[in-house]
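Read top to bottom, the protein sequences are chains A and B.
Per my numbering, the very first residue in the first sequence carries number 906; after that it's consecutive.
Per my numbering, the very first residue in the second sequence carries number 215; after that it's consecutive.
Just so you know, the hints here were simulated from the structure itself, not pulled from any lab data.
Here the structure is a predicted model, which means the values were calculated and not measured.
In this text, a Cβ means the ideal position worked out from N, Cα and C, and glycines have one as well.
Hints may be right or wrong, so weigh each one.
Stated by the list, open to error - Label pairs and their calculated CB-CB ranges:
id, chain 1, residue 1, chain 2, residue 2, range
1, B, 243, A, 907, 36 to 46 Å
2, A, 1000, B, 235, 57 to 67 Å
3, A, 1042, B, 268, 21 to 31 Å
4, A, 907, B, 235, 48 to 58 Å
5, A, 937, B, 290, 49 to 59 Å
6, A, 907, B, 233, 53 to 63 Å
7, A, 964, B, 334, 27 to 37 Å
8, B, 405, A, 1134, 20 to 30 Å
9, A, 977, B, 479, 45 to 55 Å
10, B, 239, A, 915, 50 to 60 Å
11, A, 1072, B, 330, 40 to 50 Å
12, A, 1199, B, 405, 29 to 39 Å
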Amino acid sequence: MLKFILRRLGMGLLVALTVSLATFLMLNLAADPASMVAGEDASPEAIEQIRVQYGFDRPLAVRYVEWISRVAVGDFGDSYYWKRPVLDLFLERAPVTLTLAFSALTITVIVGLLLGVTAALKPNGWLDRFALSLGTVAQAVPNFWLGLMMIILLGVMFPIFPVSGDTSWKHFVLPSFVLGMSAVPQVLRLTRAGMIDVLGSDYIRTARAKGFGPGRILFQHALRNALLPVVSVVAIQLGYKLGGSVITESVFALNGLGRLAYESILGADIPTVQMLVFMFALIFIVLTVAGDVLNAWLDPRMRVE
Amino acid sequence: MTTTATNTPEMVGDIIDLTPKERLIKKAKVHRGLQFGATVVVIMTILAIFAPLIAPHSPYEQDLANRLVPPVWADGGSWTYIFGTDQLGRDYLSRLIYGARVSMGVGFGAAALGCAIGVTIGLSAGYLGGFADRSASFLLTCQLALPSLLLAMALVFFVGSSIPTLIVVLGCLHWSYYMVVVRTMTRQIRALEYVSAAQTIGSTDRQILFYEILPNLFNQIIVVFSLEMAVVIIHEASLSFLGVGVQPPTASWGLMIAEGKEAMYFKPYLVVIPGTALFLLVLAVNLLGDGIRDITAPESRN
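Required output: the full structure, derived from the provided sequences and hints.
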């Protein structure tokens, strides 16, 4: 088990390094950082001066090594736009996004599990067809548009919830719902498939033969096993929610990491964008490694590759 | 997406004697999702290709005297502007029709690029195995870790927003699904006897890959293609909505929603109409992909 954990950690580290290199290269090659910092109307001399001042005239490899060795000790550099350490910006904005991501994930899991279990009770029955159609529709609705529709409906026509800002828990209801809905189809289908599989197995038949009630069989016997694949998807989804926060936060004017990403992209603030892309990737890597280890702990068969 | 089982036992009975083509047609005739998806996709494709012939007005011409004319079904609407006009007095229906060009064009282009990358990597990984396979898996893990929407936003904006940039960036960030499917299938097919037979009679690796393996992957690739196209269409619209994708005055549904957002409280149609078009297209592309999977799946699956 220890060997498995170490191998997974080593792999995670290697992936993190590669991702950091890819991010750095892509963002720095996509445009000339000096002219982006200088602005559109800057003279060539001004751009050259900035190039030297910020050190953009040095080779990419040197700049990457300098960046990554600083990142390793927790220094992501200063933002060009806000003129402050980008890590401070990250820590300041993170609570809003984490609240949003976790509440969205809760909604995804509750709605997805409920619909999935209901659908699996009678495959091809009308409830099943209804749940699957709902999943198909939910998958096709663009997130930002759903957000705007919710604002028109629940914010303006029936003003139940506030539609912009992040000062009270009420502000998080609509954004969490919108962000949460996007992953419902996936959880629904996984739960449904898992439940149909498990409900047809021998031990469920035995439980029925022993005379257990349907509720107990469903929740105590079946759901537990059907949940295993859902757990690893949830870890991955948390990573996606962080990325998806860019859209939801700008629709609902939440001042979190997604908003920070949006502002720093428009402000051509490469250090901040670089840090956010890398941090989101890192969180995703940590979650998948943790998920793998958790799975291996629950199910020894997973330890063999 | 899970299959909605459509072929009943007695139907399976009488399609056994049919040729594969007849069997496909027979199954397609009873698959409502496939029919709906195909119809909408065909209509949108025609709108996109023949936009200048179909659109009743110019999508760019501003008419400040006729700003924010409501659609025909609302009070004050007229048949001149069926879907009304926007804040600059441009005909909304014409902009919608031209917007189909952007969605279909970017969706198709980026899905095709992603397909080329993913299929190449998947084929080499599955066929060569060993080190190539391990490197491809590593590449896949890295790709999955990257926040693709955020990265696409940054790259498109830094390089300079244009439709070719959107296609290249979105294409390069959406190849993983093809790779996973193609790799798994290639590994399975490679182990089959007819591939060993081809090797025995002296076929080169290239011949085996292109004439023995790739044709068998065609159905799966088409299915992934449509599902990925749906994802890319949503990403393009999201980027344009946030102002880093298609730039004005080009008509893109995402951009139209962004422009209509300011007035959406008293003119909701500005946001509802392009959003519905986007939703219908994505739904149709998804249903088409699911439908193709359902009708090409082996009989035993359902």
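Here is how each hint holds up against the structure:
Restraint check, residue 243 of chain B to residue 907 of chain A: a C-beta distance of roughly 59 Å breaks the suggested window 36 to 46 Å. Between residue 1000 of chain A and residue 235 of chain B the beta carbons are some 59 Å apart, a value that agrees with the proposed interval 57 to 67 Å. The given range of 21 to 31 Å is respected by residue 1042 of chain A and residue 268 of chain B, whose C-beta atoms sit roughly 28 Å from each other. Separated by about 57 Å at the C-beta atoms, residue 907 of chain A and residue 235 of chain B satisfy the suggested range of 48 to 58 Å.
Our hint of 49 to 59 Å for residue 937 of chain A and residue 290 of chain B holds, since their Cβ atoms are close to 51 Å apart. Distance hint for residue 907 of chain A and residue 233 of chain B: a CB-CB separation of about 58 Å, consistent with the stated range 53 to 63 Å. At about 30 Å, the beta-carbon gap between residue 964 of chain A and residue 334 of chain B stays in the expected band of 27 to 37 Å. Between residue 405 of chain B and residue 1134 of chain A the beta carbons are some 26 Å apart, a value that agrees with the proposed interval 20 to 30 Å.
The given range of 45 to 55 Å is respected by residue 977 of chain A and residue 479 of chain B, whose C-beta atoms sit roughly 49 Å from each other. One distance hint, 50 to 60 Å for the beta-carbon pair residue 239 of chain B and residue 915 of chain A, holds here, with the actual separation near 53 Å. At roughly 48 Å, the beta carbons of residue 1072 of chain A and residue 330 of chain B sit within the given window of 40 to 50 Å. A C-beta distance of roughly 33 Å is found between residue 1199 of chain A and residue 405 of chain B, which places it inside the suggested range of 29 to 39 Å.
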